[in-house]
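2 protein chains.
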Amino acid sequence: MVYEGRLRFIGVVESKGELSTIKIFSEYEKKLSSLNNFFHLIILYWFHLQDNEKERSTLQVVLRRHTGAPQVNVFASRNPSRPNPIGFCVVELISVEYCILTVRGLDTFEGSPIVDIKPYVPKSDAVPNATIPEWVNTGIKT
Amino acid sequence: MVYEGRLRFIGVVESKGELSTIKIFSEYEKKLSSLNNFFHLIILYWFHLQDNEKERSTLQVVLRRHTGAPQVNVFASRNPSRPNPIGFCVVELISVEYCILTVRGLDTFEGSPIVDIKPYVPKSDAVPNATIPEWVNTGIKT
Numbered sequence: 088m089v090y091e092g093r094l095r096f097i098g099v100v101e102s103k104g105e106l107s108t109i110k111i112f113s114e115y116e117k118k119l120s121s122l123n124n125f126f127h128l129i130i131l132y133w134f135h136l137q138d139n140e141k142e143r144s145t146l147q148v149v150l151r152r153h154t155g156a157p158q159v160n161v162f163a164s165r166n167p168s169r170p171n172p173i174g175f176c177v178v179e180l181i182s183v184e185y186c187i188l189t190v191r192g193l194d195t196f197e198g199s200p201i202v203d204i205k206p207y208v209p210k211s212d213a214v215p216n217a218t219i220p221e222w223v224n225t226g227i228k229t
Numbered sequence: 088m089v090y091e092g093r094l095r096f097i098g099v100v101e102s103k104g105e106l107s108t109i110k111i112f113s114e115y116e117k118k119l120s121s122l123n124n125f126f127h128l129i130i131l132y133w134f135h136l137q138d139n140e141k142e143r144s145t146l147q148v149v150l151r152r153h154t155g156a157p158q159v160n161v162f163a164s165r166n167p168s169r170p171n172p173i174g175f176c177v178v179e180l181i182s183v184e185y186c187i188l189t190v191r192g193l194d195t196f197e198g199s200p201i202v203d204i205k206p207y208v209p210k211s212d213a214v215p216n217a218t219i220p221e222w223v224n225t226g227i228k229t
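These protein sequence lines are chains A and B, in that order. First residue of the first sequence: 88, per this note's numbering; consecutive thereafter. First residue of the second sequence: 88, per this note's numbering; consecutive thereafter.
Hints are supplied without guarantee of correctness; some may be wrong.
Quick list of in silico lysine to any residue cross-link-like pairs, SDA-like style, CA-CA up to 20 Å [said to hold, decoys possible]:
| no. | chain 1 | residue 1 | chain 2 | residue 2 |
| --- | --- | --- | --- | --- |
| 1 | B | K141 | B | N160 |
| 2 | B | K210 | A | N166 |
| 3 | B | K118 | A | I181 |
| 4 | B | K118 | B | S211 |
| 5 | A | K210 | B | A156 |
| 6 | B | K118 | A | H153 |
| 7 | A | K210 | B | V183 |
| 8 | A | K118 | B | V89 |
| 9 | A | K141 | B | V183 |
| 10 | B | K117 | A | Q158 |
| 11 | B | K210 | A | R191 |
| 12 | A | K118 | B | V183 |
| 13 | A | K210 | B | A217 |
| 14 | B | K117 | A | R93 |
| 15 | B | K117 | B | V183 |
| 16 | B | K118 | A | K118 |
| 17 | B | K210 | A | S211 |
| 18 | B | K103 | A | V89 |
| 19 | A | K103 | B | K117 |
Calculated from the model, a selection of chain B residues having no Cβ within reach of chain A, i.e. all distances over 10 Å [as the list claims (entries may be wrong)]:
| no. | residue |
| --- | --- |
| 20 | G104 |
| 21 | E114 |
| 22 | N124 |
| 23 | D138 |
| 24 | K141 |
| 25 | R151 |
| 26 | V161 |
| 27 | A163 |
| 28 | I181 |
| 29 | E184 |
| 30 | Y185 |
| 31 | T189 |
| 32 | F196 |
| 33 | K205 |
| 34 | S211 |
| 35 | N216 |
Please keep in mind that the hints were generated in silico from the structure rather than gathered at the bench. For each residue, glycine too, the CB sits at the ideal point set by N, CA and C.
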């Protein structure tokens with residue numbers, strides 16, 4: 088059993104706003120336009136500001152943005168301080184130009200490294216009626 | 088700009104079937120029952136069989152399971168051979184007992200290390216009407 092893995096970042100968030108831009112490093116750029124087949128993408132990114140031993144030791148969290156939320160195991164939260172600081176986000180793809188992706192809905196920061204990009208496939212990835220705790224709805228978008 | 092990250096695996100797939108079991112390592116087990124607040128989880132796992140230089144150098148793929156699919160950039164695919172061999176799957180949570188999660192719909196192998204678990208939140212994660220290329224529908228579930 089292996090206990091560690093090594094990531095090589097494939098790009099970086101260049102700008103953040105209603106529309107955000109991601110620069111893909113040149114070694115991964117070939118045929119990047121094939122992403123245009125999809126309207127939505129899964130972005131896995133690195134919470135680089137949380138990549139330190141203290142934040143990666145976070146195992147219990149209270150979700151202060153959600154009134155009434157209990158203290159929970161970190162894996163029952165989307166908290167960026169967690170053992171592996173990987174963020175997950177579904178974005179709308181606006182355009183692909185050379186190595187620059189323009190997307191809508193990215194919830195990370197400028198400078199965040201990108202770990203992976205995958206096409207979003209609704210039949211396996213979308214569970215629109217998934218049940219969630221009441222306190223998730225009392226807070227802002229997680 | 089940092090170009091590498093280090094993962095510490097948090098668990099392992101113990102058995103695979105219609106229902107699969109995931110063992111969470113003991114250091115992460117406290118309050119794991121708080122996952123019971125959710126009916127669906129996002130599982131990030133490690134394609135450990137693809138964690139070698141040859142498979143991680145895969146940048147272009149032809150999706151042979153999908154008739155008529157073109158050669159595409161690996162990030163336009165869910166191919167397990169990719170620069171960072173992280174798998175993504177949405178599963179239904181059946182039960183949590185001590186350090187064992189029983190889930191339905193896990194698409195990995197016995198022995199696959201687990202990278203992260205997150206609650207599935209439909210309002211940010213579900214895009215049921217996302218448009219996809221025709222050839223995605225000609226193949227088996229991605």
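For each hint, the structure was consulted:
no., hint, in the structure
1, B:K141 to B:N160, "16 Å, holds"
2, B:K210 to A:N166, "17 Å, holds"
3, B:K118 to A:I181, "40 Å, violated"
4, B:K118 to B:S211, "25 Å, violated"
5, A:K210 to B:A156, "18 Å, holds"
6, B:K118 to A:H153, "19 Å, holds"
7, A:K210 to B:V183, "26 Å, violated"
8, A:K118 to B:V89, "25 Å, violated"
9, A:K141 to B:V183, "27 Å, violated"
10, B:K117 to A:Q158, "11 Å, holds"
11, B:K210 to A:R191, "15 Å, holds"
12, A:K118 to B:V183, "43 Å, violated"
13, A:K210 to B:A217, "10 Å, holds"
14, B:K117 to A:R93, "26 Å, violated"
15, B:K117 to B:V183, "12 Å, holds"
16, B:K118 to A:K118, "45 Å, violated"
17, B:K210 to A:S211, "16 Å, holds"
18, B:K103 to A:V89, "19 Å, holds"
19, A:K103 to B:K117, "36 Å, violated"
20, G104, "18 Å, holds"
21, E114, "8 Å, violated"
22, N124, "4 Å, violated"
23, D138, "7 Å, violated"
24, K141, "15 Å, holds"
25, R151, "16 Å, holds"
26, V161, "8 Å, violated"
27, A163, "4 Å, violated"
28, I181, "14 Å, holds"
29, E184, "14 Å, holds"
30, Y185, "13 Å, holds"
31, T189, "15 Å, holds"
32, F196, "13 Å, holds"
33, K205, "6 Å, violated"
34, S211, "6 Å, violated"
35, N216, "7 Å, violated"
In terms of the numbered hints stated before, the structure departs from hints 3, 4, 7, 8, 9, 12, 14, 16, 19, 21, 22, 23, 26, 27, 33, 34, 35, listed from lowest to highest.
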